[in-house]
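Asker: Line by line, the protein sequences give chains R and U.
So the mapping is simple: the working numbering equals the position in the first sequence, first residue as 1, plus 48.
So the mapping is simple: the working numbering equals the position in the second sequence, first residue as 1, plus 19.
Hints are computed from structural coordinates only; laboratory data are not their basis.
Predicted model, so just to flag it, every value in this text is computed and none were measured.
Treat the hints with care, as some may be off.
Calculated pairs, DSBU-like style, for lysine-lysine (alpha carbon to alpha carbon, straight line, at most 30 Å) [stated by the list, open to error]:
| id | chain 1 | residue 1 | chain 2 | residue 2 |
| --- | --- | --- | --- | --- |
| 1 | R | Lys356 | U | Lys188 |
| 2 | R | Lys375 | U | Lys101 |
| 3 | R | Lys240 | U | Lys90 |
| 4 | R | Lys375 | U | Lys83 |
| 5 | R | Lys258 | U | Lys101 |
| 6 | R | Lys378 | U | Lys51 |
| 7 | R | Lys241 | U | Lys49 |
| 8 | R | Lys258 | R | Lys240 |
| 9 | R | Lys388 | U | Lys86 |
| 10 | R | Lys359 | R | Lys132 |
| 11 | R | Lys362 | R | Lys258 |
| 12 | R | Lys375 | U | Lys49 |
| 13 | R | Lys375 | R | Lys415 |
| 14 | U | Lys90 | R | Lys241 |
| 15 | R | Lys399 | R | Lys270 |
| 16 | U | Lys83 | R | Lys356 |
| 17 | U | Lys83 | R | Lys251 |
| 18 | R | Lys399 | R | Lys251 |
| 19 | R | Lys388 | R | Lys287 |
| 20 | U | Lys188 | R | Lys375 |
| 21 | R | Lys375 | U | Lys86 |
| 22 | R | Lys388 | R | Lys378 |
| 23 | R | Lys396 | R | Lys375 |
| 24 | R | Lys420 | R | Lys606 |
| 25 | R | Lys258 | U | Lys51 |
| 26 | R | Lys378 | U | Lys49 |
| 27 | R | Lys251 | U | Lys188 |
| 28 | U | Lys86 | U | Lys188 |
| 29 | R | Lys270 | R | Lys359 |
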Amino acid sequence: MGTVDTLNQTTTQTTSTERVTGADAVVRILLEEGVDMLFGYPGGAIMPVYDSLYDYREQIHHVLARHEQGASHAAQGYARASGKVGVCLATSGPGATNLITGLADAQIDSTPLVCITGQVPSGLLGSDAFQETDVIGISMPVTKWNYQVTRAEEIPEALAKAFYLARSGRPGPVLVDITKDAQFEEFDFEYKKCTSIRSYVEKPALDLAKVEEAAELINNAKRPYVLFGQGVILAHAEKEFKAFIEKTGIPSAWTIMGLSALETDHPLNVGMLGMHGNYGPNLLTNECDILIAIGMRFDDRVTGNLSKYAKQAKVIHMEIDPAEIDKNVKTDVAVLGDAKESLQELIKRVKPNSHEEWLQRFRDCDKQEHEKVIQDELYPTSDILSMGEVIRLINENTGGDHILVTDVGQHQMVACRYSKFTQSKSNITSGGLGTMGFGLPAGLGAALGAPDRTVIAVVGDGGFQMTLQELATIYQTKAKVKVLLLNNEFLGMVRQWQQLFFDKRYSATEMINPDFQQMVKGFYIPTNKVTKREELEAAVKEFIEFDGAYFLEVMVGKENNVFPMVPSGSGVAEIRLE
Amino acid sequence: MVPLEQEFTITAYTENHVGLLHRLTIIFTKRKINIESLTTSESEMEGVHRFTIAVTETEEVIQKVVKQIEKQVEVLKAGYYKREEVVQQELALYKIPTESLTNSLEVELIVREHNARFLTIEKDFVVIEKAGYRRETVALFEDLQPYGINEFVRSGRIAVARQEYGLGKQVKELLGEEVDG
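Could you build all of it, start to finish, from the sequences and the hints given here?
Answerer: What follows is the structure, given as structure tokens:
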């Protein structure tokens with residue numbers, strides 16, 4: 049073994065050497081990595097990079113968020129809608145700490161983000177200098193990788209590695225912290241993209257023996273059942289996934305992160321898993337004989353009480369991250385690798401089949417759920433407006449080709465349950481972290497990342513008020529995001545739990561809200577408010593058809609609940625319809 | 020049945036990078052697992068470092084922890100061993116007053132019995148060194164205690180696999196190096 053270079057990476061693509069500042073190198077690298085848009089907020093320690101950005105303003109569009117948290121969520125929305133890496137720029141100290149929520153959210157939802165933060169000059173490190181925080185220490189638990197640069201010559205290698213790690217394997221957020229002196233320092237710039245790192249396995253090699261084993265189980269199954277997650281979308285495996293379930297005729301349910309990987313109306317799409325998922329997908333988890341999990345991680349919101357989860361089933365887990373195998377649910381056959389490659393091999397080995405009788409069980413459950421929950425949610429008979437009927441009207445007016453971005457809470461569950469999708473990468477939500485305040489900035493980012501699609505950000509009155517300052521960014525960027533506020537004047541999900549599990553003691557959940565209409569007008573965004581059913585249809589139509597950003601507020605039932613529900617600590621089969 | 024907690028030695032071969040220690044300890048902190056000892060050093064391969072972490076936990080938890088360790092970008096390979104699967108040692112230093120040595124032969128006899136050795140003998144104090152299993156360094160501590168221990172320190176565990184090659188062989192293969200023998 050010879051001398052090891054500092055970052056132990058394999059690289060490709062060289063550019064000619066030129067003497068530049070560290071800051072200029074940062075911007076040139078962004079261009080080399082194909083970045084044409086980034087989200088950020090300037091400040092003292094990142095000013096050299098901002099100064100360089102000024103020279104490249106025709107090539108890279110910088111979106112000035114109104115808070116770094118907004119920048120990070122916008123970058124997430126951009127990444128998820130475009131399939132590219134989201135890039136954030138922030139200054140040291142408070143700028144960097146404000147990114148942390150976005151990093152944590154991106155980490156748990158496997159969103160590729162590269163965050164670049166300025167840092168105090170290297171001579172001041174550790175001195176509690178003005179706007180100094182240990183951002184490397186703080187961000188370590190919520191990043192896939194991070195690195196502090198103190199010399200300009202480290203910048204190319206560090207950023208090459210950052211982009212490679214963010215987008216490869218199981219994607220995730222990375223952070224590179226650059227001291228101000230390193231940004232000013234001149235060095236001989238040369239850039240090589242990173243293509244591998246010796247201590248990093250991008251994706252495990254596919255073990256065909258495991259695929260054979262999985263195929264054998266599937267071919268002999270009477271009641272096989274597929275659960276699919278975002279891994280299908282991240283691996284660009286939608287086509288292979290569909291071919292697999294169509295060949296085998298297996299009913300398939302989605303996690304909230306897997307939503308839109310398969311079109312909603314597909315006959316084998318049986319609905320949503322989890323706490324507020326559909327009745328059949330939860331109930332029948334405990335009746336299948338083979339459970340095939342593809343690109344999902346058995347989150348506790350999906351499994352409920354693990355000791356009562358699918359105990360009768362043999363479990364096949366197809367997953368890129370070895371650490372997810374047996375983490376929550378014990379697996380019988382683990383097929384490690386990229387979902388696309390795994391499914392391509394699996395399809396060859398499974399026999400054509402159909403499971404009509406078994407599928408009928410899901411349809412029967414659907415019928416029950418329709419009668420008890422869905423009918424009244426989508427077509428309420430009382431005067432009180434429901435969240436579900438608003439989503440139904442959205443579906444009717446978009447035809448399902450829109451991108452849905454949601455915040456967190458009741459509206460999120462309702463929107464995900466009832467939205468209909470015709471294409472992949474259409475659902476952007478904070479699934480793992482459950483970050484209130486995600487929706488509006490992520491919607492902004494999605495609209496900029498997919499300018500040709502209709503982007504609808506559905507928010508509640510609680511989460512909206514956490515990041516509503518980004519309305520200013522929407523106005524400034526002319527992002528065509530449509531914001532739908534489902535206002536129930538409550539922190540609705542917490543209130544629902546208080547009603548069901550805390551004797552209706554509504555502690556700190558009622559919201560006395562501002563006049564959102566006046567407020568949105570202050571941000572120069574067209575706005576409308578609906579309080580009566582007869583106004584709703586026309587208002588939704590105008591909302592969808594308007595060419596540009598638009599804000600629609602709908603006053604919905606204050607104390608409506610989201611059902612079905614798997615109560616916390618219960619098994620999935622204990623799902624309640626009312 | 021409650022799974023049994025037992026002693027495990029976790030070994031990780033890693034790059035030698037600033038901050039990796041923090042990244043690895045977070046994995047334990049996050050699960051509220053107490054690290055009993057942690058040793059880092061160079062390994063048999065140039066440029067490759069090695070972490071040896073001693074923990075008492077259930078095997079199921081250890082398996083998950085090891086996967087999380089191996090998942091870190093800068094970790095080449097990680098694994099775990101049960102007590103009987105490793106040859107392990109710790110090093111202890113005991114500082115006692117010199118007068119306890121000059122007044123009788125007892126301390127010298129104790130040091131001999133324990134296969135320990137004097138590192139230094141100064142005017143006011145002597146330093147005794149003992150390498151061994153935890154129980155052996157503890158036994159010497161107890162025997163020396165009546166003579167007054169001014170200072171005591173014990174290193175973290177170091178351990179190698181009780182087989183011809185440990186995880187290092189896989190690391191070498193990963194790095195495309197020839198394995199000796």
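Asker: Could you run down the list of hints and mark each one as holding or not?
Answerer: These are the hints, each one checked on the structure:
no.: 1; hint: R:Lys356 <-> U:Lys188; verdict: violated (41 Å)
no.: 2; hint: R:Lys375 <-> U:Lys101; verdict: holds (21 Å)
no.: 3; hint: R:Lys240 <-> U:Lys90; verdict: holds (25 Å)
no.: 4; hint: R:Lys375 <-> U:Lys83; verdict: holds (6 Å)
no.: 5; hint: R:Lys258 <-> U:Lys101; verdict: holds (28 Å)
no.: 6; hint: R:Lys378 <-> U:Lys51; verdict: holds (22 Å)
no.: 7; hint: R:Lys241 <-> U:Lys49; verdict: violated (34 Å)
no.: 8; hint: R:Lys258 <-> R:Lys240; verdict: violated (37 Å)
no.: 9; hint: R:Lys388 <-> U:Lys86; verdict: holds (23 Å)
no.: 10; hint: R:Lys359 <-> R:Lys132; verdict: violated (39 Å)
no.: 11; hint: R:Lys362 <-> R:Lys258; verdict: holds (14 Å)
no.: 12; hint: R:Lys375 <-> U:Lys49; verdict: holds (15 Å)
no.: 13; hint: R:Lys375 <-> R:Lys415; verdict: violated (34 Å)
no.: 14; hint: U:Lys90 <-> R:Lys241; verdict: holds (22 Å)
no.: 15; hint: R:Lys399 <-> R:Lys270; verdict: holds (13 Å)
no.: 16; hint: U:Lys83 <-> R:Lys356; verdict: holds (21 Å)
no.: 17; hint: U:Lys83 <-> R:Lys251; verdict: holds (19 Å)
no.: 18; hint: R:Lys399 <-> R:Lys251; verdict: holds (27 Å)
no.: 19; hint: R:Lys388 <-> R:Lys287; verdict: holds (9 Å)
no.: 20; hint: U:Lys188 <-> R:Lys375; verdict: holds (27 Å)
no.: 21; hint: R:Lys375 <-> U:Lys86; verdict: holds (9 Å)
no.: 22; hint: R:Lys388 <-> R:Lys378; verdict: holds (23 Å)
no.: 23; hint: R:Lys396 <-> R:Lys375; verdict: holds (29 Å)
no.: 24; hint: R:Lys420 <-> R:Lys606; verdict: holds (20 Å)
no.: 25; hint: R:Lys258 <-> U:Lys51; verdict: violated (34 Å)
no.: 26; hint: R:Lys378 <-> U:Lys49; verdict: holds (21 Å)
no.: 27; hint: R:Lys251 <-> U:Lys188; verdict: holds (21 Å)
no.: 28; hint: U:Lys86 <-> U:Lys188; verdict: holds (18 Å)
no.: 29; hint: R:Lys270 <-> R:Lys359; verdict: holds (16 Å)
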